[in-house]
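**Q** Residue numbers (the working numbering), protein chains in the order written: chain A, 158 to 434; chain B, 158 to 434; chain C, 158 to 434; chain D, 158 to 434.
Calculated directly from the structure, the hints in this document are not laboratory data.
Any given hint might turn out to be false.
[As the list claims (entries may be wrong)] The calculated EDC-like cross-link candidates involving lysine to aspartate or glutamate, where the alpha carbons are at most 20 angstroms apart (straight line), are: (1) D:238 to A:211; (2) D:247 to A:169; (3) B:421 to C:380; (4) B:423 to C:399; (5) D:179 to D:240; (6) C:421 to D:196; (7) C:421 to B:240; (8) A:236 to D:398.
4 protein chains.
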Amino acid sequence: MNEHRLLIQTNDTQGLVYNISKILFEQNLNIESNSEYVDNETNEFFMRSVITGEFAQKDLLRKLKDILPVNAIIQLTKKAKKDIIILATKEMYCLGDLLIKHEAGDLDANITAVISNRDSLKNLVEKFNIPFEYVTHEELSREEHEDLLIKAIKKYDYELIVLAKYMRILTPNFVKTFPKQVLNIHHSFLPAFIGANPYKQAHSRGVKIIGATSHWVTNVLDEGPIIAQDITRVDHTYSWEDMRDAGRNVEKVVLSNALDLVLKDKVFVYGNKTVIL
Amino acid sequence: MNEHRLLIQTNDTQGLVYNISKILFEQNLNIESNSEYVDNETNEFFMRSVITGEFAQKDLLRKLKDILPVNAIIQLTKKAKKDIIILATKEMYCLGDLLIKHEAGDLDANITAVISNRDSLKNLVEKFNIPFEYVTHEELSREEHEDLLIKAIKKYDYELIVLAKYMRILTPNFVKTFPKQVLNIHHSFLPAFIGANPYKQAHSRGVKIIGATSHWVTNVLDEGPIIAQDITRVDHTYSWEDMRDAGRNVEKVVLSNALDLVLKDKVFVYGNKTVIL
Amino acid sequence: MNEHRLLIQTNDTQGLVYNISKILFEQNLNIESNSEYVDNETNEFFMRSVITGEFAQKDLLRKLKDILPVNAIIQLTKKAKKDIIILATKEMYCLGDLLIKHEAGDLDANITAVISNRDSLKNLVEKFNIPFEYVTHEELSREEHEDLLIKAIKKYDYELIVLAKYMRILTPNFVKTFPKQVLNIHHSFLPAFIGANPYKQAHSRGVKIIGATSHWVTNVLDEGPIIAQDITRVDHTYSWEDMRDAGRNVEKVVLSNALDLVLKDKVFVYGNKTVIL
Amino acid sequence: MNEHRLLIQTNDTQGLVYNISKILFEQNLNIESNSEYVDNETNEFFMRSVITGEFAQKDLLRKLKDILPVNAIIQLTKKAKKDIIILATKEMYCLGDLLIKHEAGDLDANITAVISNRDSLKNLVEKFNIPFEYVTHEELSREEHEDLLIKAIKKYDYELIVLAKYMRILTPNFVKTFPKQVLNIHHSFLPAFIGANPYKQAHSRGVKIIGATSHWVTNVLDEGPIIAQDITRVDHTYSWEDMRDAGRNVEKVVLSNALDLVLKDKVFVYGNKTVIL
């Protein structure tokens with residue numbers, strides 16, 4: 158089935174839905190599903206349509222451009238598995254969760270490589286016949302290490318880079334190199350407990366709930382647009398290690414859910430927020 | 158602001174969104190928000206638009222009917238507080254929650270009356286200057302009692318009847334008299350624990366989570382279309398009374414949330430399910 | 158039934174449970190329930206026992222003191238409704254929730270007065286025949302206002318002061334005047350969104366979950382020991398006002414749950430945390 | 158560290174805690190943590206203590222037996238990884254989750270074998286160097302198949318059998334062969350949707366929440382004592398396959414959490430319920 162996802166983001170104007178739906182109608186497309194949202198504060202319009210049928214992509218895009226404002230964002234993606242590269246450091250639970258989903262055929266993605274600044278995950282990754290690249294950061298400046306990291310990434314196909322407990326801070330240069338392509342899981346309910354050791358922070362604060370947040374990576378640490386969050390309950394009997402262990406289940410599920418939304422082209426970025434249709 | 162809600166439910170056909178949006182565009186309406194959903198199994202189309210602007214209601218409805226299938230359901234409602242009647246028996250927590258919201262101006266509804274088969278809630282209701290009707294069921298057959306109940310209801314304005322812990326089973330005659338107008342809160346996570354004493358059932362089964370369900374009332378007990386559900390955690394230390402007490406917070410929030418969705422004209426009924434846009 | 162709650166907090170030592178249980182046994186008490194917790198990091202021991210039977214309170218306390226370290230905290234409380242004073246400003250939902258519970262007999266407390274820095278809640282409170290004190294802050298310094306507030310509080314019996322959306326910051330003098338007696342509800346999932354307008358902050362940050370936190374009031378704003386937290390899900394369609402409205406249900410339930418724990422003498426304070434047995 | 162877990166379940170009597178703690182004290186044991194619970198309806202007493210120190214096991218058990226009723230259940234377990242056998246059919250997500258935890262060293266267990274009635278999981282299991290036994294049910298009666306299954310199980314060490322999406326109903330003979338040793342994950346929020354295809358049932362009923370339940374296996378299908386439950390939210394846009402996919406994350410987390418409780422000797426079975434200390 159020739160299924161495409163059409164995403165449009167633009168200023169709202171009267172007749173916008175009519176004008177867009179007119180073009181889709183005239184192209185003789187089937188609309189399998191259609192979601193729209195207008196942010197009433199900023200008057201920004203978001204639309205995601207799943208369309209099937211035979212059509213000329215260029216023709217459709219040209220016609221849409223003709224009726225939409227110049228700065229409208231139009232994205233037309235064929236439904237297909239996306240290539241992703243996973244970056245990890247040493248913890249297995251997020252990476253392992255994605256590897257199992259990949260092996261089971263439950264991930265709408267091809268994991269083309271796993272890259273780590275340590276070598277301890279090599280054995281796990283290679284069980285699944287996925288290339289593993291070890292790019293140590295030892296005795297290297299942050300810039301030198303990232304240069305090697307970027308080179309390693311570019312050896313493989315990717316549409317998306319997933320940080321599955323990659324425990325190094327990325328430089329603006331890295332972020333700029335892969336714009337809107339880097340997805341992270343942070344082990345707290347952001348914006349609570351930004352930075353290092355969130356479980357120790359949470360334990361010290363005596364919270365009754367801990368969480369995890371998956372977000373796009375931007376230049377500001379732990380401040381990128383949030384895609385998914387979830388929580389679990391804890392109490393005074395939890396040491397910080399218990400919180401960490403309980404949190405791992407949340408982290409892996411949140412990362413997996415956020416990745417799923419991204420792979421289905423459901424996530425719009427707007428300012429520092431996401432709109433998910 | 159002249160705000161209306163337009164709800165359309167019909168078989169999906171190619172060009173449907175185009176044809177509807179064409180009419181809305183030609184009426185010079187502003188679409189404040191627009192949600193659509195197509196059930197791919199049954200090909201049923203649902204749309205909810207919030208529209209503002211000056212327009213002739215009859216004209217709009219006629220034009221929509223012209224392009225929609227004969228059996229399409231079209232509903233055009235002006236944004237306004239709806240009149241509701243609350244039925245309760247003796248427990249205060251759901252009724253009290255609605256009375257406080259009403260008093261605070263946080264409920265998109267006018268409570269025109271509270272009717273009970275007991276008189277113990279009279280004192281609470283009259284504090285808020287809301288008419289209270291006591292319709293005892295004692296020494297009456299179910300049919301006799303319901304006749305009196307229906308008469309009491311019809312003394313007041315209503316678009317909706319809310320069962321806020323009304324602990325009597327309603328007959329098919331009652332359901333038929335107020336079609337798609339009776340909203341109930343059931344004190345379990347349906348379909349678990351249908352019928353009487355769900356907290357005792359839950360306690361006896363040793364569940365670790367209890368819940369509440371708000372649903373439309375139909376002729377089959379506890380089987381009507383579900384609008385909202387929520388849960389809370391319990392453990393072995395909870396007696397059934399503790400479960401009941403913990404559940405009350407869930408019940409009142411679920412009923413309040415479901416009522417809010419109904420008052421905002423967000424709930425479509427489709428078969429034995431709801432679509433909420 | 159002569160039911161008491163015995164709470165002990167002290168350094169753990171070998172034989173502690175044995176020595177305490179020996180005394181309870183020799184007093185011929187029935188232990189209805191017993192919970193213990195040792196913080197393994199700090200070696201602090203917490204115990205809460207519900208005991209029934211005829212016994213001499215002074216004798217029991219003296220014997221416990223004899224075997225416990227000098228700085229042990231021993232609390233013996235007869236099960237009874239506690240007197241509480243509620244402070245509020247203008248929002249009804251938390252106050253109303255407590256008033257309804259009080260009216261229904263579902264609160265283990267007597268609300269002896271409601272005090273507000275505005276007069277708009279007077280009408281609601283007096284429906285329930287509870288004294289309402291209006292202590293305006295207008296044209297007064299913070300200190301002058303608090304002096305009047307403290308005087309108003311002291312006119313009534315109280316064991317606990319509940320801030321049910323009291324929107325003024327309290328001074329160290331106030332906190333010192335009512336040590337470990339002031340319970341607050343904060344409208345965010347602390348420590349996220351400390352300070353003013355947490356729902357606006359949450360909306361601006363684009364979070365997918367909002368929450369509420371009930372905590373003891375200390376001199377550091379929003380930093381006191383957390384008693385209870387809960388959350389609800391939101392998405393991009395929520396304006397900050399929608400978040401506020403959704404959050405209100407969470408706030409009132411969290412405050413009610415925290416108050417319930419305090420009224421049942423289940424909450425120990427230890428450093429900046431709580432232990433709940 | 159010589160850490161043991163002592164579990165006692167018996168009728169409550171006055172002085173019970175005193176008598177037990179006296180013995181523990183006289184054995185010069187350190188009590189690392191201690192939890193007690195009395196079911197006030199049935200007067201049943203439950204205690205779990207984590208103890209360290211040098212002591213004679215037999216001596217301790219004898220002394221406890223001397224002071225406890227004849228039918229008291231006393232269990233003394235050295236803290237150690239337990240041997241477990243996993244039964245699965247064809248779905249990877251629960252099995253894979255346990256394999257990754259095992260590989261990461263995050264599971265307090267040794268997986269000694271995985272046994273399946275299909276051979277499709279062989280490849281995954283053998284990546285982790287764990288024995289895989291294929292015991293087909295084809296062309297066999299239920300009894301014949303179970304005989305082979307039991308033989309396969311008995312080839313390996315086990316203290317616990319985990320059904321990680323094992324999709325065959327077990328006979329009373331199997332249950333009797335491994336009493337209180339078989340842990341299952343059911344893909345619904347029991348007791349809702351007992352039996353086959355719970356996600357199809359949930360979809361058909363139009364629920365707004367789906368869940369998963371981990372329980373001990375007894376002779377009555379899906380009726381054994383519940384250890385852990387959790388839920389996730391769904392809405393009208395979910396097909397039953399979407400519900401299944403969303404549910405898988407819940408199932409694997411619930412099974413993992415329940416297994417963790419069992420491996421830590423925290424789960425008492427009492428009638429058809431569990432007490433978790």
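**Q** Tell me the numbers of any earlier hints that the structure contravenes, in ascending order.
**A** 1, 2, 3, 5, 7
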